[in-house]
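Asker: Listed below, chain by chain, are the residues.
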Amino acid sequence: MTTMTLQERVARFYFDYADTLNRGKYAEWPDFFNPDECDYRIVSRENHDLGLPAPLMGCYTHGMVKDRVAMLIDEALTYRHMYFRHYITNVRVDECPDGGIDAGANLLVMQCDQEGSASTYMVGRYEDKLSLREDRLKLCKRLVIIDSFSIDTALAVPL
Amino acid sequence: MAPLSVAFISMRMPPSFDKKDHGLRTLRIAAYGGLIFGTYSDQTEPLEDYLGPHSLSQIQRLLVQRKPKVIGYLRQKIPGNWKLYNENVRDPYHGSLLHTFQVSFGLQTPAMKGGIKMDKDGKNTWNHSILSADDNKHQGDLAAAYSGTDKFNPGLKLNDPSLAQVKLDLDDNIKTTILSMFPTLILAQVDNTYAVRHLRPKGPDAVELHITYLGFESDTPEQLQSRLLSVNFIGPSGYISLEDGEALRLVQEGAKMRSGDHAVLEMGGIGVIQDTDYLSQEISIRGFWRHYHRMMAFGLDAGINQQQEPV
Chain A
1 MTTMTLQERV
11 ARFYFDYADT
21 LNRGKYAEWP
31 DFFNPDECDY
41 RIVSRENHDL
51 GLPAPLMGCY
61 THGMVKDRVA
71 MLIDEALTYR
81 HMYFRHYITN
91 VRVDECPDGG
101 IDAGANLLVM
111 QCDQEGSAST
121 YMVGRYEDKL
131 SLREDRLKLC
141 KRLVIIDSFS
151 IDTALAVPL
Chain B
160 MAPLSVAFIS
170 MRMPPSFDKK
180 DHGLRTLRIA
190 AYGGLIFGTY
200 SDQTEPLEDY
210 LGPHSLSQIQ
220 RLLVQRKPKV
230 IGYLRQKIPG
240 NWKLYNENVR
250 DPYHGSLLHT
260 FQVSFGLQTP
270 AMKGGIKMDK
280 DGKNTWNHSI
290 LSADDNKHQG
300 DLAAAYSGTD
310 KFNPGLKLND
320 PSLAQVKLDL
330 DDNIKTTILS
340 MFPTLILAQV
350 DNTYAVRHLR
360 PKGPDAVELH
370 ITYLGFESDT
380 PEQLQSRLLS
390 VNFIGPSGYI
400 SLEDGEALRL
410 VQEGAKMRSG
420 DHAVLEMGGI
430 GVIQDTDYLS
440 QEISIRGFWR
450 HYHRMMAFGL
460 DAGINQQQEP
470 V
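Top to bottom, those sequences are chains A and B. Counting from 1, position 82 in the first sequence corresponds to residue 82 in the working numbering; the numbering is continuous, with no gaps. In the working numbering, each number is its position in the second sequence, counted from 1, plus 159.
In short, the hints are calculated from the structure, not lab data.
Residues on chain B that point at chain A, a partial pick, calculated with CB under 8 angstroms:
1) Val-229
2) Tyr-232
3) Leu-233
4) Arg-234
5) Gln-235
6) Lys-236
7) Thr-259
8) Leu-315
9) Asp-319
10) Glu-367
11) Leu-387
12) Pro-395
13) Glu-402
14) Arg-408
Even glycine gets a Cβ: it sits at the ideal position worked out from N, Cα and C.
Model the full structure from these sequences, guided by the hints.
Answerer: Laid out in C-alpha cells, this is it:
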C-alpha cells in the first residue's frame, strides 16, 4: 500500500467513523476520540451564528462520550430505529504549527425507515481538531454544526 | 425594490378603497413575567385570570426571581397531533413508565412527592415533583416494583457521573416543574434546566416544538457550564425528552387509522377534576380535554362518564 498523505488519512478516518455509526457499532464510537482531551458537541446553525452556547448534544469528557452511546448499546432508550447513511464531502485538512491538525468536512445524513422510505435527516458540517499520536488519528474536538436544526422526531444517535 | 404601498397607489384603486380597512387582523396582547400572550378573541378574560394562581407563581419562580438569559434554541418536529403533546406534559406518571434514565437515576419516580395543580378551568396545569428525605428508601423499593419491566435499570452507571450529580440551584427542592398553559405554551424545569416550549401545530399529524433554553444573568461560569451539561436531559437529543417524540409518533400512527372513531384509555379516569398531591393520575389530561370540548362546542358523547361528573 502506498503511503497516504495526511489529507487522505483524515478522509479515511472520517469514512471509518461514519461506517462505525452506520453499522450501529456504537461501542466503537468512543475509540475515535482522544481519551485525554475530548469535546464533542452538536450545535444548531441558528445558535452557532447567534453565538448562543447551548448545544443539542454536549460531551465534554471521554466518559461523557461513552455515556452518549451507553444507552444505545444497552437498548435502554425508546427511539425510532432508522438506517442512517453519512455522506462526507469537501474534506479539508490543515496542519497547525503546534503539531495539531485542523480539519473539517460537509455532512449529509440520509435516513431510511423500516418500510424502506428514504429522506434527508441532517445537513451540516464538521469542524474538528485532531491529534496524531503513535501513528493514530484521534478527535480532540468535534463540533457538528447542523443547518437542518429542526430535528425530525429525535436525535438519539450521534452524528 | 419599491415599497409595496407604492404598488398599491399605482394600481389606481377605486375611490371607495381605503387602505385602513385592509390592515392585518389586530391581536390583543398582554404580558406576564416576560412572556407575551396574544388572542384574536374579544371574549378572553384578563391574562392573570386566564392563567390562574399556580401559573402566575411558577412564572414568578422560574422567570422573574432571577433575570433569565437565552442560552440557546432547540427545535423538534414531532409527527403527532399538538394535543398529544399537551397530554404528554400534563400526565405526571408517563415519565416513570417511559424514561429509563429518569427512573434509574431517581430524577422522577412514581413514589416521589409531587402532584398537579390546575387553574379554575382545568386547562392549565402545574405538574411537579419534589425531593424528600424518603426518596433514597423509595429508590431501593423500585427494583421490586419494576421487576419484569425494562424501565428501571439500577445497573445503569455513568462513566462520567457529573450529569446525574446535579445539585438544584433553587433551594425549594422542586425537582421537576412542567407548567402547561392552554393551548400551546409550556414552561419547564427539569433539574437545573429551564426552558420555554412553544408548540406550533403543523396540520393534524405534526407539531413543531420551539424550545428556548434559559440560563440567568447571575449565572457563574460554573453554573453556565452545568446548564450546557444538563441540556443532555432535554430537547430532541435529551436522554429524557427524545423519547417523548417517539411515544407521540406511535400514538399518532395508531390514532389516525381510526378516523371518525375515538378511543379513551383511562387510569381510573372518572370523578371530579381536582388538584392532587400524588403523581400516579391523569386528572389534568381530563381537565385539558374538558376545556377543549367546551371551546370547540362539541356535544358530549352519551356513553362517557356522565353519571360521575358533568365533563
